[in-house]
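Novice: All the letters of the sequence shown, read from the start, carry residue numbers 1 to 422 under my numbering.
To be clear, the hints were calculated from the coordinates, so they are not data collected in a lab.
Every value quoted in this text rests on a predicted model; they were computed, and no experiment measured them.
Any given hint might turn out to be false.
As the list claims (entries may be wrong) - Within a straight-line C-alpha distance of at most 30 Å, the following computed DSBU-like cross-link-like pairs (lysine-lysine) qualify: (1) Lys414 <-> Lys123; (2) Lys294 <-> Lys371; (3) Lys38 <-> Lys123; (4) Lys312 <-> Lys294; (5) Lys414 <-> Lys371; (6) Lys102 <-> Lys371; (7) Lys38 <-> Lys73; (8) Lys15 <-> Lys414; (9) Lys102 <-> Lys73; (10) Lys73 <-> Lys294; (11) Lys414 <-> Lys102; (12) Lys38 <-> Lys414; (13) Lys73 <-> Lys307; (14) Lys371 <-> Lys123; (15) Lys102 <-> Lys294.
Unchecked claim - Distance ranges between label pairs, derived from CB positions: (16) Tyr144 <-> Phe19: 40 to 46 Å; (17) Gln147 <-> Lys294: 49 to 55 Å; (18) Leu293 <-> Trp37: 48 to 54 Å; (19) Ile364 <-> Ile49: 23 to 29 Å; (20) Ser56 <-> Ser182: 30 to 36 Å; (21) Ala377 <-> Gly40: 44 to 50 Å; (22) Gln92 <-> Gln369: 37 to 43 Å; (23) Tyr144 <-> His283: 48 to 54 Å.
A virtual CB, placed ideally from N, CA and C, is assigned to each residue, including glycine.
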Amino acid sequence: MTDTASLPDLLHTRKTMIFEHAASLLTLLFAVSVFVWKPGIYATSGAIIAYLLVRSAVDVQYRQLLWSNSITKVTLAMFALGLVTAAIGAQQLSDWTWMARKTMFLPVIIFFAVALSRETNRKLALFGLITCFWIASILTLWEYNWQFVFGGRMQGTWPQGTWDNLLGIFVTFLVLFYRWTSSALIYRSIYWVTLLMAVLMLLLAGGRGPWLATVASVGIYLIVFRPNRKVLLAGLAGIIVATIAATTLFENRTEALIDRIQSIGATSQEQDGSNWVRLQVWHIGATHFEHILKTDPVAGLFGSGAKSYNPKQIEFFETMPYSPEDRALLQSYGYPSGDPHNTYIDSALRNGLVWTVAIFVYLIWLCTQFKIRQTFARAEPLVLLMYLCIMAMFYTVLPHFMSFFFALFVMMLKLGERPSET
Numbered sequence: 001m002t003d004t005a006s007l008p009d010l011l012h013t014r015k016t017m018i019f020e021h022a023a024s025l026l027t028l029l030f031a032v033s034v035f036v037w038k039p040g041i042y043a044t045s046g047a048i049i050a051y052l053l054v055r056s057a058v059d060v061q062y063r064q065l066l067w068s069n070s071i072t073k074v075t076l077a078m079f080a081l082g083l084v085t086a087a088i089g090a091q092q093l094s095d096w097t098w099m100a101r102k103t104m105f106l107p108v109i110i111f112f113a114v115a116l117s118r119e120t121n122r123k124l125a126l127f128g129l130i131t132c133f134w135i136a137s138i139l140t141l142w143e144y145n146w147q148f149v150f151g152g153r154m155q156g157t158w159p160q161g162t163w164d165n166l167l168g169i170f171v172t173f174l175v176l177f178y179r180w181t182s183s184a185l186i187y188r189s190i191y192w193v194t195l196l197m198a199v200l201m202l203l204l205a206g207g208r209g210p211w212l213a214t215v216a217s218v219g220i221y222l223i224v225f226r227p228n229r230k231v232l233l234a235g236l237a238g239i240i241v242a243t244i245a246a247t248t249l250f251e252n253r254t255e256a257l258i259d260r261i262q263s264i265g266a267t268s269q270e271q272d273g274s275n276w277v278r279l280q281v282w283h284i285g286a287t288h289f290e291h292i293l294k295t296d297p298v299a300g301l302f303g304s305g306a307k308s309y310n311p312k313q314i315e316f317f318e319t320m321p322y323s324p325e326d327r328a329l330l331q332s333y334g335y336p337s338g339d340p341h342n343t344y345i346d347s348a349l350r351n352g353l354v355w356t357v358a359i360f361v362y363l364i365w366l367c368t369q370f371k372i373r374q375t376f377a378r379a380e381p382l383v384l385l386m387y388l389c390i391m392a393m394f395y396t397v398l399p400h401f402m403s404f405f406f407a408l409f410v411m412m413l414k415l416g417e418r419p420s421e422t
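Take the sequences, apply the hints, and build the full model.
Specialist: Following this line, the structure appears as structure tokens:
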């Protein structure tokens, strides 16, 4: 009788173990995908959604655990809002399916809210990230014949714009995650070598936006949230020593890098044509959105269709009062292309004002729960969001592959704990 009565418990335990192993595998696959397996982002996200549906249907305890967490409820509401606003603004089916695919990072957040609460899964995620970062870096340097050419745009396992942005958020994540790394010498050594290599790859990638976002967010973190005089002085001394050494030993190679850094603030055609073009593209996008609000308020609120918008901006560009010379310069950079290189403008045009405001409010809530005292005690998720918001000025990051990267990084920061030393 005892054996018979315990059979359901035994089956439940085995079922739970199978699901837990599956969650660990999905966590590892997602982390691996970040650096070396672009199709894996969508494939693993789809598998994660299937996992959530199946386990919620057959595992009562897991379903209760999910629904007891406010992250599940708020995130699902945000996901549903995106589907509804996309349906209202869509002009073709692909507009709606695009939003459904790009916002899969939201159910992924729900999955990580539970999966990354286990130390085993956090270790697996970190192992996958660091291992595949090194693989991606070696492949990239091999592709460029091991030439450390500073001042250019080194493209890695992702296209330009995504690769440098990924490196920027990875460097920021590593700095923020330091407080939860093991104090064992081997792990600290791996951490510091990986951080230094990530900074080097970020410099080689040449993205000025990621440079600015990384320096700003890490600087705010160290000065405002983690004011540590020793760390600040050591960091400042390290930067000075590294700068002097680099400019002395590698003068020919660092000159181009210094010129590129100095070009960040250039705004005129004569100083930097690329920056001037970006400012004009912002102006075109903002002016177009103002026009849409006046002529079609529904499209302003709910979007002009994520896939349908591009030809509309190109058509609107023809009405802008640019000289033939300015038009030629814009077109030489491939604009207008429908991409304003600014998340706030791009999202308002494609997805509407309602979703654009809602997604940033949601992300602020996810990182802070709107609790000031709690935020200062654990500021790392908010600082990572600062990086994302700064980058949103220069790139399209929501909804985008960056959204999926952010989902993993921010949930590791929210749930991170000092690992056991076993």
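Novice: Take a look at whether the Cβ-Cβ distance between Ala377 and Gly40 falls inside 44 to 50 Å.
Specialist: Violated - the Cβ-Cβ distance for Ala377 and Gly40, about 35 Å, lies outside 44 to 50 Å.
Novice: Could you say whether the range 40 to 46 Å given as a hint is met by the Cβ separation of Tyr144 and Phe19?
Specialist: holds (43 Å)
Novice: Going straight from one Cα to the other, do Lys102 and Lys294 come out at no more than 30 Å?
Specialist: holds (28 Å)
Novice: What's the verdict on Lys38 and Lys123, does the C-alpha distance respect the 30 Å limit or exceed it?
Specialist: Measuring from Cα to Cα gives roughly 22 Å; hence the hint holds.
Novice: Quick one, are Lys102 and Lys371 close enough, alpha carbons at most 30 Å?
Specialist: Cα-Cα ~29 Å, so holds.
Novice: Below or equal to 30 Å on CA atoms is what counts here, so check Lys414 against Lys123.
Specialist: holds (14 Å)
Novice: For the pair we were handed, Lys371 and Lys123, check the Cα-Cα distance against 30 Å.
Specialist: holds (28 Å)
Novice: Run the distance test for Lys15 versus Lys414: straight-line Cα separation, threshold 30 Å.
Specialist: holds (28 Å)
Novice: Hinted pair, alpha-carbon criterion (30 Å max): Lys38, Lys73. Please report holds or violated.
Specialist: Measuring from Cα to Cα gives roughly 29 Å; hence the hint holds.
Novice: Kindly confirm whether 49 to 55 Å is satisfied by the beta carbon distance between Gln147 and Lys294.
Specialist: holds (52 Å)
Novice: Return holds or violated for the Cβ distance of Tyr144 and His283 against the range 48 to 54 Å.
Specialist: violated (35 Å)
Novice: Under the criterion that the straight-line Cα-Cα distance not exceed 30 Å, is the pair Lys414, Lys102 satisfied?
Specialist: holds (23 Å)
Against the hints set out earlier in the document, violations occur for numbers 2, 10, 18, 21 and 23.
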